[in-house]
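I would like the entire structure built from these sequences, with the hints used as guidance.
The residues making up each chain are set out below.
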Amino acid sequence: MTKMTLLKPVFISLVILSCQLAILQNSILAQNTKAITTSSALSAANFDFWRNYIRTSDNELDWQNLPWKLSFHEGLKEGAKLNKPILLWAMNGHPLGCT
Amino acid sequence: MATDEVWRLQGGSDFNEYQKSGGSDPECLCFQKMASQGHYGAGGGTKQGIYVCTPDGEFLASINSLSGNAVANTLKSGFSKWKKDPRKPVASLVAESTPSHRWEWSYPEHGLVLKQTTRYLSDSPQPLLERDKRFNFDFVWFNPSEVMMFVPKQPEMGMKFDLPQTLFDRFARFHLIETAHGESGIFHQHEVSGKLQGEVIDVQPGSLKIKFNGDCHSLSQRKEYRGLSPAKQIKIKLIGSLSFNSSQKRFDKFELVAKGRIFNSSDKVDSNADSRSIGWYFTLADPNTPSERLFPTHLHAYGVNWVKQPSLPLYDLKAKKSNEP
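These protein sequence lines map, in sequence, to chains A and B.
Throughout, this note's numbering is defined as the position within the first sequence, counted from one, plus 12.
Throughout, this note's numbering is defined as the position within the second sequence, counted from one, plus 27.
Think of the hints as simulated: they come from the structure by calculation, not from any bench.
Please read all numbers here as calculations on a predicted model, not as lab measurements.
Each hint should be verified, as a subset may be incorrect.
[Claimed, not checked] Derived, one-sided and incomplete: chain B residues facing chain A with beta-carbon distance under 10 angstroms:
#, residue
1, S51
2, E54
3, V79
4, S124
5, R146
6, D159
7, G233
[Said to hold, decoys possible] Far from chain A, by Cβ distances over 10 angstroms, these chain B residues were calculated:
#, residue
8, T193
9, H217
10, P323
Quick reminder that beta carbons are idealized off the backbone N, C-alpha and C, glycines included.
Shown next as structure tokens:
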């Protein structure tokens, strides 16, 4: 019981210290992110930031989850097999690549 | 549902010229007949858009619009026509044919295929909060011989080296271009300068790690390239790293970020000149995902002998002028 009584304040202090460290770390991260602007030169320090900024998020790619055939020819083949009409999306540049 | 690149399907800028020049790919002829009844009609010019057709290639409906409602109405119209006159199951002659050429046939098995994402960078003081939504994809191809140019023959820890011009040019001329909003022209070799430098940061039996950085300056005074203008001037900084499995001669990891400033002038400029920011990210494509085996949009211009060119070069066919009979 005495041991528990002694440990309790130590434990509470550790929890408080952990929270303070977490807040401090978040604050530093926030400052670092805020410090990055488009005019910041690309560097090893901000590489991750720009990589994550440029690459797409899942919700930007919902349209890719549709079962697209990759050519008109493939679409015609499947249409003939299933006896269904074909929806063709044809663009200057492949819609699933650079268009 | 199918997606495709329309330039090949329509046989260049004018499908009348394609047919006169002997173009006979059954898939392309089928598309040309079908699209001539669509929203852009017959003759020259792009035929891009959304089409609904029967499995034997008969036109049902089409549109090219950014309006979701307009597209939905077109699909309903096409499907309604289909329901009124459903076809008996017949084998489609076109579906049973073989295309005369596809760029994907040059896919570099055992080479390096990168997936590229291009996005404008917000000029907001807090770019993370106002992320620019305009992005685009492309793919970069290197064949197995070119893969070996990325790594030194006898790597040593700390070794620094310049990547060969061939590799730099592949990125600079065909991929570090302004495609975030759509198509862009490419750069001639003399219009790009800069280099990529590598540094060996880890050497293990059968594997090595390299980090690289570089810069690129693209400058073009041309008005257009095959109907597409490249940006007048782009200044770019590149940083990346790779892990190479030298036993299997393949990459386990490849990441490259490029950040550039596009200037609306080919004159010497300072940082205050009329400009905007753009970024590119390159990483390994998944060879098991069919859509990541699509061809690079400017593959036809790579100028390498391992890319199979079509027997009828669609870019050399000239569109018929309006005053020609």
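* To do: Take a quick look at T193/B and tell me if its Cβ sits farther than 10 angstroms from every Cβ on chain A, holds or violated.
  => At about 21 angstroms from chain A, T193/B clears the 10 angstroms cut-off, so the statement holds.
- For P323/B, is the shortest beta carbon distance to chain A beyond 10 angstroms? 8 angstroms, violated
Report task. Report holds or violated for the interface hint on V79/B, using the least CB-CB distance to chain A and a cut-off of 10 angstroms. Result -> 6 angstroms, holds
_Would the hint on G233/B be counted as holding, given a Cβ-Cβ threshold of 10 angstroms to chain A?_
26 angstroms, violated
query: Hey, does the R146/B contact hint survive, CB to chain A under 10 angstroms?
result: Hint holds; R146/B Cβ to chain A Cβ min 5 angstroms, cut 10 angstroms.
**Message:** Next item in the hint list is D159/B. Is there a CB on chain A closer than 10 angstroms to its CB?
**Reply:** Result: holds, 9 angstroms to nearest chain A Cβ.
key: Supplied contact hint for E54/B, tested at 10 angstroms Cβ to chain A   = 5 angstroms, holds
The hint names S51/B as touching chain A; please verify it with the least Cβ-Cβ distance against 10 angstroms. 15 angstroms, violated
Interface-negative label, H217/B against chain A, beta-carbon threshold 10 angstroms: Given that every Cβ of chain A is farther than 10 angstroms from that of H217/B, nearest at about 24 angstroms, it holds.
Report holds or violated for the interface hint on S124/B, using the least CB-CB distance to chain A and a cut-off of 10 angstroms.
Status holds, d = 8 angstroms.
Violated hints for the displayed structure, listed by number in ascending order: 1, 7 and 10.
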